[in-house]
Amino acid sequence: MMTLPSAPKMLRMAKRTLSYLFVSSSALLFLIPFLWMVSSSLQTEQEIATTDMRWIPETFHWENYLNVFEAMPLWTYFQNSIFVTGLFILGTLLSASLVAYAFSVLQWPGRDKVFILVLATMMLPMQVTMIPVFVLYKNIGWLNTFKPLIVPAFFGGGAFNIFLLRQFFLTIPRELFDSARIDGCNEFQIYWRIVLPLAKPALATVGIMTFLFTWNDFLGPLIYLSDKLKSTMALGIVMFVGQHKTEWALLMVASVIMMLPVILLFLFFQRYFIRGFMMSGIKG
Amino acid sequence: MLGHRKQDTLIAWLFVAPWAIGFLIFGLYPIIMSLYYSLCQYDVLRVPRFIGLQNYSQLLFEDPYFWKSLWNTLYYVVFRTPLSIFGSLLLASMLNQQLKGMPIFRTIFFIPSIISGVVLSVIWLWMFNPEYGLINSGLAFFGLPGPLWLQSASWSKPALVLMSLWTVGGGRMLVFLAALQGIPRHLYEAVELEGGGWWTKFRHVTVPLISPILFLWTVMEVIFSMQVFVEAYIMTNGGPANSTLFFNLHLYNKSFNDFQMGYASAMAWLLLVITLVVTWFQFRLSRRMVYYEGGK
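Heads up: the protein sequence lines correspond to chains H and D, in order. So the first sequence is numbered by numbering that gives the first Met the number 0: it starts at 0 and just counts up by one. So the second sequence is numbered by numbering that gives the first Met the number 0: it starts at 0 and just counts up by one.
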């Protein structure tokens, strides 16, 4: 014979069910724009421009995902984005780790004062520096090239990244450096052969955060690039919005394609993302 | 020959060199030039012409769009900040329950925060479409008339605030979650012994204990949402009737459409001053509202 659970147990079960209901409906709310976007991307323009909306298309118009490459030079945009993002990450990792090495492993007079200056630059709003830097690029003929979007990464790699790597380098036992020096390694060899290999998790975090920033960046390309075929994905999609505001299905397709690398990267490297975002909380 | 110490210092500066050069070119030089430009009339083609404080006086006394953009930005910040801080806290409290499947929910909440502003804008432009968009279709399903959203001067700003709430599950939520998990259980048990419910727990245990973090993130959120630009540029381009002409959009238009670089530089400095004043004011206010463990 089945016995009914006791009253407190039932109360607890009711509470759990209610909690689940609340969390899952919130999660659904957060998913809806994505579902709607994917659903729209698989319908024809006529189908989505009707008042009786449907979530699951009658037929899946996968050809949208091919047609979009004809409607706009999306493949070129994609390559440009990869090129800019890849070199920007490379520059950031190289220069931020070099600088962080000087602020953690090396001892030198004035080190901590200079480090405070590094941190202070994080407070500098980009509106203030944006215009003179633009004029500078204009004068040296860098407008409408990828250089303004890449070269700065090689000069310091961002104060926050220096900070993050320095924190990590400080956790490496000093004895490693001392014994390497006794074995005749110079500082650059220690940096390259000991510190960088040990710092892979921290470098991955910085790399992923930098990918996110560069891949998603819109203002930089907007200011520096004017040639359509030099656009990155972010800028190219916005240009398309300006010209074909009503082609929603294709716009959704392009958005899905731009978003996909970010989501895939997140699903594979979640812990680096989370570490990066938690660290960025500390910088404030 | 160099002394040992001197050589060490030299090596250190070689390592610091990338940053130091970058700081001079992308930090110090632009700051000085920006201050100088703000006192000039400058259209990039001709050399800057010194005009003293004219840009500033024109901004403050003659440019109605400056005040309009300031008002729009204020409106946006005032509504977005508390809603999004509360939203992050709400999501974090949901995730803080001892239930199965929480990592999946955390992932779902988190993902919108890493999507490009461009993609966010395109998605929500479509969501807010008055005729075929999901929101008005949903409202129509319940027999409710939907507003024109981005095409209405009175609904455009609320629409942008609403859209920003989709991204409250980002890094801030993770930090809040970690803070909630750090609250000792016995404090809640003490409230339960006294017969207090969830509100008492929230008001008298949770909020005071995480108030330093709440405060810090509020300050950052205010600074961040004052920078609102991408959504307004893509979705409304400042319209309708300048209802979404935010400060940074006005600044962008002045600099890269009108090429009034001097005027725009003056705007940038005013924004910096406003940000500093607002932040200082928040720190003043916080002295009475934030609880620091062990006293301060």
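Be careful, since some hints might not be right.
Stated by the list, open to error - Computed footprint of chain D on chain H; a stretch qualifies when at least three of its residues, placed anywhere within it, have a C-beta under 8 Å from a C-beta of chain D:
1. 17-25
2. 56-68
3. 94-103
4. 151-158
5. 164-176
6. 249-260
Said to hold, decoys possible - Quick list of in silico lysine to aspartate or glutamate cross-link-like pairs, DMTMM-like style, CA-CA up to 20 Å:
7. H:K137 x D:E188
8. H:K14 x D:D42
9. D:K5 x H:D111
10. D:K67 x D:E188
11. H:K112 x D:D257
12. H:K8 x D:D7
13. H:K137 x D:D257
14. H:K8 x D:D42
15. H:K199 x H:E186
16. D:K200 x D:E188
17. H:K14 x D:D257
18. D:K5 x H:E186
Because the hints were derived from the structure by calculation, they are not lab data. Where is the CB? At the ideal position from N, CA and C, for every residue including glycine.
Right, here's what the structure says about each hint:
Counting residues of the stretch 17-25 of chain H whose CB falls under 8 Å from any CB of chain D gives 6; the rule of at least 3 is met. Requiring three or more residues with a Cβ within less than 8 Å of a Cβ of chain D, the coverage given for the stretch 56-68 of chain H is violated, as only 0 such residues are present. Coverage of the stretch 94-103 of chain H by chain D holds [criterion: at least 3 residues with CB-CB distance below 8 Å; count 6]. Three residues within the 8 Å Cβ limit are the bar, and the stretch 151-158 of chain H against chain D gives 5, so the coverage statement holds.
Taking a C-beta to C-beta cut-off of 8 Å, the stretch 164-176 of chain H contributes 0 residues in contact with chain D, too few for the three needed, and the coverage statement is violated. Counting residues of the stretch 249-260 of chain H whose beta carbon lies closer than 8 Å to any beta carbon of chain D gives 6, which meets the minimum of three for the stated coverage. Note on K137 (chain H) and E188 (chain D): the hinted pairing is violated, with a Cα-Cα distance of about 65 Å set against a maximum of 20 Å. In summary, the hint linking K14 (chain H) to D42 (chain D) is not supported, as the alpha carbons are separated by about 65 Å, beyond the 20 Å threshold.
For the given pair, K5 (chain D) sits about 17 Å from D111 (chain H) by alpha-carbon distance, which is consistent with the 20 Å threshold. With a CA separation close to 51 Å, the supplied pair K67 (chain D) and E188 (chain D) exceeds the 20 Å bound. Between the alpha carbons of K112 (chain H) and D257 (chain D) the distance comes to roughly 41 Å, so the proposed pair goes past 20 Å and is violated. Straight-line distance between C-alpha atoms of K8 (chain H) and D7 (chain D) comes to about 69 Å, which puts the hinted pair past the 20 Å bound.
With a C-alpha separation of about 16 Å, the suggested pairing of K137 (chain H) with D257 (chain D) holds against the 20 Å cut-off. The straight-line distance between the Cα atoms of K8 (chain H) and D42 (chain D) is roughly 74 Å, outside the 20 Å bound, and the hint therefore fails. The straight-line distance between the Cα atoms of K199 (chain H) and E186 (chain H) is roughly 19 Å, inside the 20 Å bound, and the hint therefore holds. For the suggested pair K200 (chain D) and E188 (chain D), the alpha carbons sit about 9 Å apart, so the restraint of at most 20 Å is met.
With a CA separation close to 60 Å, the supplied pair K14 (chain H) and D257 (chain D) exceeds the 20 Å bound. Straight-line distance between C-alpha atoms of K5 (chain D) and E186 (chain H) comes to about 15 Å, which keeps the hinted pair within the 20 Å bound.
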